[in-house]
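Which chain is which? The protein sequence lines are A and B, in order. First residue of the first sequence: 1, per the numbering used here; consecutive thereafter. First residue of the second sequence: 1, per the numbering used here; consecutive thereafter.
These are computed hints drawn from the structure, not numbers from a lab. Be careful, since some hints might not be right.
Remember, identical chains collapse to one label, so a pair may be satisfied in a single copy or spanning two.
Unchecked claim - Listed next, the in silico BS3-like pairs over lysine-lysine satisfying Cα-Cα at most 25 Å (straight line):
| no. | residue 1 | residue 2 |
| --- | --- | --- |
| 1 | Lys187 | Lys334 |
| 2 | Lys34 | Lys2 |
| 3 | Lys187 | Lys2 |
| 4 | Lys321 | Lys387 |
| 5 | Lys11 | Lys253 |
| 6 | Lys34 | Lys183 |
| 7 | Lys321 | Lys185 |
| 8 | Lys253 | Lys9 |
| 9 | Lys306 | Lys65 |
| 10 | Lys261 | Lys11 |
| 11 | Lys388 | Lys306 |
2 protein chains.
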Amino acid sequence: MKLNENYFKLKDSYLFHTIALKVEKRRKERPGEKIISLGIGDTTRPLCVAAADALRAAADEMSVKETYKGYGPYEGYDFLRESVADYYETFGANVDSGDVFISSGAKDDISNILDVFGADNVVAAPNPVYPVYVDTNVMLGRETTYIEGNEANGFTPTPSARLDADIIYICSPNNPTGAVYTKDKLKRWVDYANERGAVILFDAAYEAFIRDRSLPRSVYEIDGAERCAVELCSLSKTAGFTGVRCGWTVVPKTLERGGVKLKDLWLRRQSTKFNGVSYVIQRAAAAVLAEEGLRQTRADIDEYMKNGEIIAKVLREKGVKFFGGENSPYIWLKCGASSWDFFDMLLDKAGIVGTPGAGFGSAGEGYFRLTVFGSGEDALEAAERLKKVDFQ
Amino acid sequence: MKLNENYFKLKDSYLFHTIALKVEKRRKERPGEKIISLGIGDTTRPLCVAAADALRAAADEMSVKETYKGYGPYEGYDFLRESVADYYETFGANVDSGDVFISSGAKDDISNILDVFGADNVVAAPNPVYPVYVDTNVMLGRETTYIEGNEANGFTPTPSARLDADIIYICSPNNPTGAVYTKDKLKRWVDYANERGAVILFDAAYEAFIRDRSLPRSVYEIDGAERCAVELCSLSKTAGFTGVRCGWTVVPKTLERGGVKLKDLWLRRQSTKFNGVSYVIQRAAAAVLAEEGLRQTRADIDEYMKNGEIIAKVLREKGVKFFGGENSPYIWLKCGASSWDFFDMLLDKAGIVGTPGAGFGSAGEGYFRLTVFGSGEDALEAAERLKKVDFQ
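Pulled out of the complex, with its shape left as it was, chain A reads as follows (with noise of 0.2 Å):
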């Protein structure tokens, strides 16, 4: 029998395991010190009344035999599909109910939408990059060209003439930098794949922190998006489904690559290695999209992005220059040469866990990243310890 030697050329460990350990070895050393994480993106807000009741009725459901339910449809439930819909209806972005998936979070389906893909395409991923896009081509045995974000394009880099890819990634608001697309600079990636018959897979897992009404909060706003663009979203930020695990995938019936339509092939993927989302989740799920759900979740994001701004001042104030902070989940601020060297810095000095840019590629040297999903008592106690620090 012989492994899957791809394997054996991913680097040596995931980012986050080796943050774990490194903050492991710190609470070793000083067992009384109270730890801030501002790094991996965990919510740590409890799920909504509504989402909470959904999740009791449908357990109550589930123990009567009259409404019992067993295997679910593979595409998930059309109570879930519709009021997906009508969520993305809610914003302006246009989807058919039947064209979404739903999905055990983006995560998940960022991977498995790949195996409808041939192993000859070329993939090209942002570079700073959340780096379950990379690491699952290399698993793939595929290599990735990397678009560069920088301080010029604004982290929101668009397709050079040069750039000869099949598969893009994109993912706005962006993991890690906090950057969102403008419809204006999205537009110019849509009619790249179209020009090219190329296809969009964007990660959409963080538009609900979007307040800022003139930012796409979908690819679907985008005029031709429906014949080129496949899209993830989550409830993990949105709701705090991040250990309750549902999401979708939208694959647009007009998404046609030499007269087979992507959608089929995706369905045939997901009735063959998959069984669908849980009955309870969807439910949970179905109740977050409901009007009194996106006002309870709304509330949530609310707090979280009130912690943004806590510490979005204090590096005003330091000087230090920053991306993100609005419209987005994430802070990633300009720390200087290394930023592994920084992480330890902060947690040496300050006690706060974040995450090192170069965890997230090259382009990410230098930078490093903070998230609002701590506590409102956290982030003005980090807000008091990054006084201190010096940024230099």
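Dock chain B against chain A, hints included.
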């Protein structure tokens, strides 16, 4: 962008989809008729009280800040991994909780585990076969070698001297044939795999139906399996979790090839492409595996198995040859020439839906699968209708 052309080599339609279309047509033709489904293996008995209570309690936990859970471990929570190891201990299999990976069900991981194997392995699957084993390999561009089950070997074939395989699927109790490997016969596969450096993918999804204590419920009841076998299991049939989605995959740390632990690659795969199973679902699963949950789900399985006895009795009376019907949720009956013709006849004459053996591969032709997952009332009604069917 190039599509994965292997998808075009897949057979046109997924078995159960074709059946669903035939049933839909029939419903339109005879709107008043009650169709009894003994087709797809979907559970109908509600969640046990222990599982539903655990779900509700977990929803409570998730709705309070102090007990809220965000991202969980990729491998699953230790409380559940330990429950799984304890469960194995109840029937004498030795599994280390650290080797247990919690999954969204056996179907998912039967496909996912293929990620860690190289492209040029020879895959051997039983014939008749659960189509997922074959289709997931076709999607990867792999052809499958078949190991034929038949009347002579009781549908539990053993390795022939000619067999040259790197990855071997074994399903026991078998879907679709209901046949169960004895320890002796299973040992021959374990020895084969260890001698050749092959890997066994052991699908134990129906183990809870084994009541004969001399039959192995886990491959790890066989000496040496910890060096060659991955086991995939599920609570779908054990606890009515078809719509809840939870199972597990055991990748023993002692399973090494070329000095590499398969488990290390699998953990890398999971941490990159998966974010774990919902916390609330893992709590429900742990409740199933606790003493009270095991008692309750065993009572449900008893009820299902009574259905099997009712159907088996009629078949015996009518002199129809069959396999399974005990230690298994499947009855695999010899139906003569064309199993699709038999399907049409049975739907036409008795309003009963089963699954044609041909849908499980060439060696399934001439056979027909019935399942026990309906209600007791339906089993009695089906038995009455079967009495009137001419099986010749």
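For each hint, the structure was consulted:
1. In this assembly of identical chains, Lys187 and Lys334 lie within 25 Å of each other by CA distance neither inside one copy nor across copies; the values are 28 Å within and 61 Å between.
2. In the homo-oligomer, the alpha carbons of Lys34 and Lys2 never lie at most 25 Å apart, since the shortest distance is 47 Å inside one protomer and 51 Å across protomers.
3. Proximity of Lys187 to Lys2 under the C-alpha cut-off of 25 Å is restricted to the inter-copy arrangement: shortest distance 23 Å between copies versus 44 Å within a copy.
4. In the homo-oligomer, the alpha carbons of Lys321 and Lys387 lie at most 25 Å apart inside one protomer (15 Å), although the nearest pairing across protomers, at 81 Å, exceeds that limit.
5. For a Cα distance limit of 25 Å, the shortest separation of Lys11 from Lys253 across copies, 22 Å, qualifies, whereas the shortest one inside one copy, 37 Å, does not.
6. In this homomeric assembly, Lys34 and Lys183 never come within 25 Å of each other (Cα to Cα): the closest approach is 42 Å inside a single copy and 54 Å across copies.
7. In this assembly of identical chains, the alpha carbons of Lys321 and Lys185 lie at most 25 Å apart only when taken from the same copy (23 Å versus 68 Å across copies).
8. For the identical chains of this complex, Lys253 and Lys9 are inter-copy neighbours only, at 22 Å across copies versus 36 Å inside a copy, given an alpha-carbon limit of 25 Å.
9. In the homo-oligomer, the alpha carbons of Lys306 and Lys65 lie at most 25 Å apart only across protomers (18 Å), although the nearest pairing inside one protomer, at 46 Å, exceeds that limit.
10. Proximity of Lys261 to Lys11 under the C-alpha cut-off of 25 Å is restricted to the inter-copy arrangement: shortest distance 17 Å between copies versus 35 Å within a copy.
11. Only within a single protomer do Lys388 and Lys306 lie at most 25 Å apart by alpha-carbon distance; the minimum there is 21 Å, versus 72 Å between protomers.
When held up to the earlier numbered hints, the structure conflicts with 1, 2 and 6 and fits the remainder.
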